[in-house]
Amino acid sequence: METPLDQAIHKLKVDVLHMMHLAQDAVQKAVASLLDHNAAQAREVIDADREINDYECRVDSESLKILALHHPVAKDLRFIVGSMRMLVNIERLGDEAVNIAERVLVLTSETRLPVHGNLRQLADLARELMAASIACYMDLDDAAALRIIEQNAAALELNVRIFRDVTTEMIKESRPVERAVQQAFVAHSLKRVCDQCANIAESTIFIRRAVDYKHKCTPLPGTDK
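In numbering that gives the first Met the number 0, the protein residues as written are 0 to 224.
There may be inaccurate statements among the hints.
Claimed, not checked - Restraint-style ranges between C-beta atoms, simulated for each label pair:
(1) Arg57 x Asp35: 30 to 36 Å
(2) Lys171 x Lys10: 51 to 57 Å
(3) Met0 x Ala38: 52 to 58 Å
(4) Val180 x Leu34: 17 to 23 Å
(5) Ala153 x Leu16: 35 to 41 Å
The hints are simulated quantities; they were obtained by calculation from the structure and are not laboratory data.
Even glycine gets a Cβ: it sits at the ideal position worked out from N, Cα and C.
Construct all of the structure, not just a fragment, from the sequences and the given hints.
Written out as structure tokens, the structure reads:
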């Protein structure tokens, strides 16, 4: 039979997952607005961000109530603290979606121009890591969490490559400068999406293994990582 604490933790997990899906939807719509040159969809992302912000405040408040009322220990305490850590990362995912959408509004004010090929690849990676971070939290899968953290290195490499390429474009010709700058900012936001997914994965490892993997100072038991 479930205890009141069990029920509270289950509800917390459901709420965090719902917030993750809101952020995932925001990132997906922001990327779609970029690829489809769709200003209306970009505005939808900006307008919807308030819901994510409000959700963060509510779930954070509920988490504090669980701590105050039930005095959890051991794995229950880790789950609550780890989930609270994630709330900041999830809210920032929504912020990055808004940042991308705002760049789209600038880009759609001009004639439609092609999106940098590596930017599409980075967008695919960001969406992949978002889905993976949701799954690893839902299943408390620390092995999947480690894979997310490792894949985040590819996001950094793509981000650097995009900045290098758009800088080259700006040197060659002045006309594409505005487009190049805006796409560079989008690349940075997509990289930050991947960073937040890696942070969520680190919190999952904390919940599952009681190891603070934030700075990779402590190796995971049973691994060389």
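Now the hints, each set against the structure:
1. Range check, Arg57 to Asp35: about 32 Å between beta-carbon atoms, so the 30 to 36 Å window is met.
2. Take Lys171 and Lys10: their Cβ atoms lie about 56 Å apart, and the range 51 to 57 Å holds.
3. Restraint check, Met0 to Ala38: a C-beta distance of roughly 53 Å satisfies the suggested window 52 to 58 Å.
4. Against the hinted window of 17 to 23 Å, the Cβ-Cβ separation of Val180 and Leu34 comes to about 18 Å, which satisfies the hint.
5. Between Ala153 and Leu16 the beta carbon distance is about 25 Å. The supplied range of 35 to 41 Å is therefore violated.
The structure does not agree with numbered hint 5 stated previously, though it agrees with all others.
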